[in-house]
Amino acid sequence: MMSDPRYAWVRQLAALAVLLVVWEAAGHAGYLNPLYMPTPTQIWGALAELFGGGSIWPHMQATFTAALGGLALGIVVGITLGVLAALIRPVAELLEPVMLLLNAIPRVILAPLFVIWFGIGLGSKIALAFILVAVVIFFTVFTGIRQVDKKLVERVVTLGGSRIDLLRQVYLPSVAAWVLGNLKVAVGFAFTGAVVGEFVAASRGLGYLLSFAQSTYNAALMLALVLLIMAVVLVIFALAGRLEKRLLRWS
Amino acid sequence: MRLQKPLAGKVEAGFPQSEIGILFQDDALLPWRTARENVALGPIFRGVDKKRALDAADEWLERFGLTGFEDRYPRRLSGGQRKRVAIAQAMALKPKLLLMDEPFASLDAIVRARISQEVVELVEREKISVLLVTHDLEEAIALSDAVYLLSQGPRARVTRRYDVPLPRPRDLVRAKTHPAFPPLLEKLWNDLSREVDLSAGAESVEKARAA
Numbered sequence: 000m001m002s003d004p005r006y007a008w009v010r011q012l013a014a015l016a017v018l019l020v021v022w023e024a025a026g027h028a029g030y031l032n033p034l035y036m037p038t039p040t041q042i043w044g045a046l047a048e049l050f051g052g053g054s055i056w057p058h059m060q061a062t063f064t065a066a067l068g069g070l071a072l073g074i075v076v077g078i079t080l081g082v083l084a085a086l087i088r089p090v091a092e093l094l095e096p097v098m099l100l101l102n103a104i105p106r107v108i109l110a111p112l113f114v115i116w117f118g119i120g121l122g123s124k125i126a127l128a129f130i131l132v133a134v135v136i137f138f139t140v141f142t143g144i145r146q147v148d149k150k151l152v153e154r155v156v157t158l159g160g161s162r163i164d165l166l167r168q169v170y171l172p173s174v175a176a177w178v179l180g181n182l183k184v185a186v187g188f189a190f191t192g193a194v195v196g197e198f199v200a201a202s203r204g205l206g207y208l209l210s211f212a213q214s215t216y217n218a219a220l221m222l223a224l225v226l227l228i229m230a231v232v233l234v235i236f237a238l239a240g241r242l243e244k245r246l247l248r249w250s
Numbered sequence: 000m001r002l003q004k005p006l007a008g009k010v011e012a013g014f015p016q017s018e019i020g021i022l023f024q025d026d027a028l029l030p031w032r033t034a035r036e037n038v039a040l041g042p043i044f045r046g047v048d049k050k051r052a053l054d055a056a057d058e059w060l061e062r063f064g065l066t067g068f069e070d071r072y073p074r075r076l077s078g079g080q081r082k083r084v085a086i087a088q089a090m091a092l093k094p095k096l097l098l099m100d101e102p103f104a105s106l107d108a109i110v111r112a113r114i115s116q117e118v119v120e121l122v123e124r125e126k127i128s129v130l131l132v133t134h135d136l137e138e139a140i141a142l143s144d145a146v147y148l149l150s151q152g153p154r155a156r157v158t159r160r161y162d163v164p165l166p167r168p169r170d171l172v173r174a175k176t177h178p179a180f181p182p183l184l185e186k187l188w189n190d191l192s193r194e195v196d197l198s199a200g201a202e203s204v205e206k207a208r209a210a
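Here the protein sequences line up with chains A and B, keeping their order. Count the first sequence with numbering that gives the first Met the number 0 and you get residues 0 to 250, in order. Count the second sequence with numbering that gives the first Met the number 0 and you get residues 0 to 210, in order.
Note that these hints are calculated values from the structure, not bench results. Hints may contain errors.
Calculated lysine-lysine pairs in the BS3-like style (CA-CA distance at most 27 Å, straight line) [said to hold, decoys possible]: (1) B:K93 - A:K150; (2) B:K95 - A:K150; (3) B:K4 - A:K150; (4) B:K49 - A:K149; (5) B:K4 - A:K149.
Computed Cβ-Cβ distance ranges for the label pairs, DEER-style [what the hints assert, rightly or not]: (6) B:F14 - A:D164: 41 to 49 Å; (7) B:Y147 - A:K244: 44 to 52 Å; (8) B:R156 - A:E92: 37 to 45 Å; (9) B:G13 - A:K149: 28 to 36 Å.
All figures in this text were calculated on a predicted structure; none of them were measured in a lab. For glycine and all other residues, C-beta sits at the position ideal for the given N, C-alpha and C.
Can you make the complete structure from the sequences, with help from the hints?
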C-alpha cells in the first residue's frame, strides 16, 4: 500500500490535504500576513464570491472567446502557411526567417503593440493568442511535412496514387497527427495570449480581474483567479486529450 | 514505376506498367488505415468503386489467413501479419510481374520460412513472374527458376545466369535437400566471393591512388 504505484493518487491527495491543513493553521496562528499569503479558506471565499454573485461569467466568456478564437485562427493560418511553405520553396524562403524571428522573441511582448493596433477590446486579445498559436503550428506542420515517411510516399506512388491521392492518404493524415500532438501546447498558448492581453489593457476577462486584484492588493482574489485559470485549462487539456485519442486511435 | 527516371533508354516489360507490383523490404503500410483499407488502396487509386475494392480486400486478407484482422491498424498487427497485408496489397492489383526487394529480410526465421512458402504457392497458383533481389543465396536458389549474379555496385550489372533445376510445385524445406541444391549453392558462393574480392581489390587500389 505504501509504495504500490496504483495508489500514488492517494498519497498525493494526502500530501495536499496535509499542506492545506498546515497552511490554514499557520494562517490562524498569525505566522502568515494575509496581505501577502491568505489562507486556503480565504481563497476559497474569494472564489465563492466570484461565482456566487455571477459576476465571473462575463469575464470567463471574454477570456474563452479570445482564447478559442485565437486558437482556431492560429491553427487554420498555421496549417495553411506551413503546408504552403513546405510545398513551395520561395514561400519557405520568405516565411521561415519571419517565423524564426517570431519564435525567437517572447511573443507576449507584442501585447502593447496589439492594443495600439486593435484597441482594448477583444481584437487585441485574439491577435495575441493567434500569434502565439500560429507560430507553433506553423513549425509543427512545416517540419512535419518535410519529414513525411518517404517509404509511405513511394508505396502510394507504386500503387498508382496521384498527387491528390498522396495529399489525401499521406500528407493530410500526417499533418493532422502532428497538429493534434501539439494541440495541448497550442491550447496553453491560446490562454496565455488571452490572459496576458487582458492583463495589459482590457475592461473584461480573467486577465483584467487579475490586474484589478493586483491594483487593490487583493492576494486572495489573485490566488483564486490563478486557481480558476488552472482548472479551466485542465478541463480543456482533458477535452483535447480525448479528441487526440479518438482521432489518433491508429497510433 | 515512377520511383526513378532512367538516365538513358527505357524499361520494356511487354505489358503495361500497371501490371507490375512491388514488395519492399519494409512493409510501409499506411499507419492510419486499417488492414482492409490498406489492401484496397491500389484498386481505389485505379478507379475501382470503393465498396467493391474493400470487399475484394477482405477476400485477399482471408486468403492470407487474416480473417478477423481486417479492421486492425498496422500498429496492432505482428510483423508477419503486416508482411501478409503488404503482399495482399500488392496482389490486389493482380500483377503479372511482382518485383521484390529483400521482402523477407525483416522477419524472424520461422515467420520468414512460412511466409516464403506461402508466396511460392501463391506465385505457382496465380502464375505470376517474380523478380526477387536478395543477399541470401539459399533463398535465391530455393525460390527461383533462374538466379542472376550481380556485380558489386555502383553500376552493378549481371555477371552470370544459373538455371535452377529444382522441380515445381516446390516445398522450400525439401528443396534444400534436393541433390541439385548443394553443388549450385557452392558454385554461387564461390562466384560471389570472387566478385566481392575483386571489387574489394579495386577499392584498395583506388584508395592507394588517392593517397
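Hint-by-hint comparison with the structure:
{"no.": "1", "hint": "B:K93 - A:K150", "verdict": "22 Å, holds"}
{"no.": "2", "hint": "B:K95 - A:K150", "verdict": "23 Å, holds"}
{"no.": "3", "hint": "B:K4 - A:K150", "verdict": "17 Å, holds"}
{"no.": "4", "hint": "B:K49 - A:K149", "verdict": "26 Å, holds"}
{"no.": "5", "hint": "B:K4 - A:K149", "verdict": "17 Å, holds"}
{"no.": "6", "hint": "B:F14 - A:D164: 41 to 49 Å", "verdict": "23 Å, violated"}
{"no.": "7", "hint": "B:Y147 - A:K244: 44 to 52 Å", "verdict": "51 Å, holds"}
{"no.": "8", "hint": "B:R156 - A:E92: 37 to 45 Å", "verdict": "42 Å, holds"}
{"no.": "9", "hint": "B:G13 - A:K149: 28 to 36 Å", "verdict": "30 Å, holds"}
Checked against the numbered hints above, the structure violates only hint 6.
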